[in-house]
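Visitor: Sequence:
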Amino acid sequence: MSKYLAKIIANDQEGLQMISACSSGAKVKVTDIKYLASNKVFLLSIERTKIETDQYGKKINSICRFDFVDKVRSKNINQSNKDLVLELIGIDYLKNNNDYEINLFFNNNAYIALTTETIEARLEDQNEIK
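So the mapping is simple: the working numbering equals the position in the sequence shown, first residue as 1, plus 1273.
The hints are simulated quantities; they were obtained by calculation from the structure and are not laboratory data. Errors might be hidden in some of the hints.
What follows is a list of derived Cβ distance ranges for each label pair [claimed, not checked]:
#1 Asn-1380 with Ile-1324: 26 to 32 Å
#2 Lys-1403 with Asn-1381: 27 to 33 Å
#3 Ser-1311 with Lys-1331: 19 to 25 Å
#4 Asn-1349 with Lys-1403: 29 to 35 Å
#5 Asp-1372 with Lys-1331: 15 to 21 Å
#6 Gly-1330 with Asn-1284: 27 to 33 Å
#7 Gly-1363 with Asp-1305: 29 to 35 Å
#8 Asn-1380 with Asn-1334: 18 to 24 Å
All residues carry an ideal CB built from backbone N, CA and C; glycine is no exception.
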């Protein structure tokens, strides 16, 4: 079974676009968004549809992880609403002087901006949703 579990590691725009494409339309619970400031790690637990294999249409739980994150800003996300489910539309980034700003776009004009020193992202499948 585990041979269908993908792991994508991104260090550049191309890799980030691949992760963005694979997680587009994914559902994210507000409670499954975590920023571990001391480790500079930002984590999203997402429920996504496999698009990258012949397993097309299968639902899968994945972790989207960003490393070297110095700062996190969010907009239009009610963090006190624990049942709120966001839909991830896409991931993009901007280069700002020596930093990168990785933007995660959600439905309802919600977004999260990550300030990082380098692009280091990974999408790792955890298990299939039966």
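Visitor: Is it true that Asp-1372 and Lys-1331 lie within 15 to 21 Å of each other by Cβ?
Guide: Since the Cβ atoms of Asp-1372 and Lys-1331 sit about 37 Å apart, the hinted range of 15 to 21 Å is violated.
Visitor: Could you check the hint for me, namely that Ser-1311 and Lys-1331 are 19 to 25 Å apart, CB to CB?
Guide: Given about 35 Å between the Cβ atoms, the range is violated.
Visitor: Between Asn-1349 and Lys-1403, does the C-beta distance stay in 29 to 35 Å?
Guide: For Asn-1349 and Lys-1403 the Cβ distance comes to about 33 Å; the hint holds.
Visitor: Between the beta carbons of Lys-1403 and Asn-1381, is the distance compatible with 27 to 33 Å?
Guide: With a Cβ separation near 29 Å, Lys-1403 and Asn-1381 satisfy 27 to 33 Å, so the hint holds.
Visitor: Confirm or reject the claim that Gly-1363 and Asp-1305 have a C-beta distance inside 29 to 35 Å.
Guide: Given range 29 to 35 Å: violated, Cβ gap about 18 Å.
Visitor: If you check the beta carbons of Gly-1330 and Asn-1284, does the distance land in 27 to 33 Å?
Guide: Holds, at about 29 Å.
Visitor: Just tell me: holds or violated, for the beta carbon distance of Asn-1380 and Asn-1334 against 18 to 24 Å?
Guide: Because 20 Å falls inside the window, the suggested range holds.
Visitor: Take a look at whether the Cβ-Cβ distance between Asn-1380 and Ile-1324 falls inside 26 to 32 Å.
Guide: Given range 26 to 32 Å: violated, Cβ gap about 18 Å.
Figure legend: structure checked against the earlier numbered hints; hints not met, in rising order: 1, 3, 5, 7.
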